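Number of protein chains: 2
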Amino acid sequence: MTSAAGSPPTGRARLADVAALAGVSVGTASKALNGGGRMRPETRQRVLDAVETLGFRPNQHAQSLHSGRSWTVGLMTTDGIGRFSTPVLLGAEDALGAGKISVLLCDTRGDAIREQHHLRNLTDRRVDGIIVAGRRTDPRPPLTGIDPSIPVVYALAPSTDPADTSVVTDDRGGAHLAVEHLLATGRTRVAHVTGPEHHQAARDRARHAIEHLRGAGLELATGRVHFGEWSEAWGRRAADAVLRTAPDTDAFFCGNDQIARGVADTLRERGRSVPGDVAVVGYDNWDTMALACRPPLTTIDINLAEIGRIAALQLLQAIDAVPEPGVHTVPCRLVVRESS
Amino acid sequence: MTSAAGSPPTGRARLADVAALAGVSVGTASKALNGGGRMRPETRQRVLDAVETLGFRPNQHAQSLHSGRSWTVGLMTTDGIGRFSTPVLLGAEDALGAGKISVLLCDTRGDAIREQHHLRNLTDRRVDGIIVAGRRTDPRPPLTGIDPSIPVVYALAPSTDPADTSVVTDDRGGAHLAVEHLLATGRTRVAHVTGPEHHQAARDRARHAIEHLRGAGLELATGRVHFGEWSEAWGRRAADAVLRTAPDTDAFFCGNDQIARGVADTLRERGRSVPGDVAVVGYDNWDTMALACRPPLTTIDINLAEIGRIAALQLLQAIDAVPEPGVHTVPCRLVVRESS
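Quick note, the sequences are listed as chains H and C, same order. At position 180 of the first sequence (counting the first as 1) the number is 180 in the UniProt record's numbering, and the numbers step up by one without a gap. At position 261 of the second sequence (counting the first as 1) the number is 261 in the UniProt record's numbering, and the numbers step up by one without a gap.
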């Protein structure tokens, strides 16, 4: 329905057609293509010429039966909405698709029954491996009931089992980059506003920010972390609370870009100049949010696509050779804009 | 590496093992499983019992060679960033994955060479069909060089070829819903701020908004459409321009939620109450944007996941029976929040 009129169907010549044109048996044609068997170079060449002439493409399913590999990888995302897992997934697709490996997409939406359904399907399809991309940085239990010969790599949300291979963001490095930048630009009274305390990302970024401040002989401006929600509304409310408690605060390090944007809005509405009076640094480098912020937001880029890419490379290594168990971290990057 | 210790590997019993346990030939076991051949019910039952006992799962690749179907569908997205194509893709995955069909993900990033690479790969894998999910509503040329026996459905961005099957959003219905809602709540001086004029979504929403206003004997408050960018910054600037030209404007219908949010910010900063003095309606129902808006935004939900779901159903119909060529539209939905 969509091909250019008149062009021949591609890929539909059969191996028998190739064999007939080359004047060999189907068995010989098959051996010539798979590189196996002993035959004269001229014979192999005749088969390859026939392949060229007919535009023959080997049937992947027949090849898979032959090689024991399906050249497919399952990509399970637990995040139906996808702001975090989508870039991870596309980074993995990019690394795998450049070769001959295809990506089977499965969205579990965090539902155990859907996860089992997809796992069964992936096992039936003899996938060469599976990447599990999470939504949060909190560790998750490993997949259960899976054939132990199928390698699995966890991306963003690590497995709780240290024998598994996981690829995660470097929240320690990210928090250090943010605080380091604020100190380097002369700020000394830094407040920290972030998401819910039961999220590991919020706890980790807070802990490492405090650690880095202490290394410079400083404490948080309000003496505590402001845990709350990953929302602009929380950023706006928390900024007011910080300004009441510690009016001389000269910087906010925020746990994500939405909070940072809320903080920046409140600062402007209370007559504080950003970055003149107060610097604001976000986290995630969610471009829509960071660029719409007034002023555009300095933030930490967590390299989600790179997490997906590294997870794919780890999976390829586990398929082809030996896995590298443990938690691999992908460095963050400071993106300086006008809020600091 | 991730299975519960001690549980047996699943799915790795061979058909020969099943046949041996059932005391039949491999050929008979195969016929029993595929429902073909004539045999005594007891024989078939013995094979099924052996399948159960051994936890045998048929090899999908062997099944595909047998049925001529791969039970896979290619999902090509042209949108690396994915705010629009991701929900479409997940809607399609949801509709397909519920059955036994798996989804091969291909991200072309709008690059013709990547598109050809993926198309070749999908053809080699004998996919049963392909869904092409676009980023914008502008029509796109059909896939080229594809085997005409593989059905294709275009989602969000329709094919320029009317003989193809496309599933798109109903921009006419969406614009009517927005204007109808503003008229029903007593607004009569409606301004329209939207994205670039070279985007079909911007042109369509504007044209149908004007059409609906005229049906009620009204014209746009400023006498023209404010084309610009899909950004908050443009919404803020355009709102100022509208207030200068037509200070009695009592409603803004905006081409997307980012513009609407920028408009709402400017109105608040100019001392206009939303919705007291001026109503604001957005478009897309991008929840992060709509909920962070002050006040939370009334908007048009374009049902992206439903577009993906319908595209999947259209594809299944084209695979199993006959395609329904033409452009199928998916209705929008008005979501009323506090800005109107």
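These aren't lab readings, by the way, just hints derived from the structure by calculation. The structure presented is a predicted model; accordingly, all values stated were derived computationally and were not measured. Check before you lean on any hint, since a few could be wrong.
Pairs involving identical chains hold if they fit within one copy or between any two copies, as the list cannot separate such chains.
When the alpha-carbon atoms are kept at most 20 angstroms apart in a straight line, the in silico EDC-like pairs for lysine to aspartate or glutamate are as follows [as the list claims (entries may be wrong)]: (1) Lys100 / Glu115; (2) Lys100 / Glu219; (3) Lys100 / Asp111; (4) Lys31 / Asp111; (5) Lys31 / Glu180; (6) Lys31 / Asp287; (7) Lys31 / Glu52; (8) Lys100 / Asp170; (9) Lys100 / Asp240; (10) Lys31 / Glu306; (11) Lys31 / Asp49; (12) Lys31 / Glu197; (13) Lys100 / Asp17; (14) Lys31 / Asp94.
To see whether the hints hold, each was checked on the structure:
1. Lys100 / Glu115: between (26 angstroms within a copy, 14 angstroms between copies)
2. Lys100 / Glu219: neither (53 angstroms within a copy, 57 angstroms between copies)
3. Lys100 / Asp111: between (31 angstroms within a copy, 18 angstroms between copies)
4. Lys31 / Asp111: Neither, since 46 angstroms and 36 angstroms both go past 20 angstroms.
5. Lys31 / Glu180: neither (62 angstroms within a copy, 69 angstroms between copies)
6. Lys31 / Asp287: neither (52 angstroms within a copy, 57 angstroms between copies)
7. Lys31 / Glu52: within (16 angstroms within a copy, 36 angstroms between copies)
8. Lys100 / Asp170: neither (30 angstroms within a copy, 38 angstroms between copies)
9. Lys100 / Asp240: Answer is neither; intra-copy 54 angstroms and inter-copy 53 angstroms both fail.
10. Lys31 / Glu306: Neither: 40 angstroms inside a copy, 48 angstroms across copies.
11. Lys31 / Asp49: Intra 15 angstroms, inter 38 angstroms, cutoff 20 angstroms: intra-copy only.
12. Lys31 / Glu197: neither (61 angstroms within a copy, 58 angstroms between copies)
13. Lys100 / Asp17: neither (25 angstroms within a copy, 32 angstroms between copies)
14. Lys31 / Asp94: Close neither inside one copy (32 angstroms) nor across copies (41 angstroms); limit 20 angstroms.
The structure fails to meet hints 2, 4, 5, 6, 8, 9, 10, 12, 13 and 14 from the earlier list, while all remaining hints are met.
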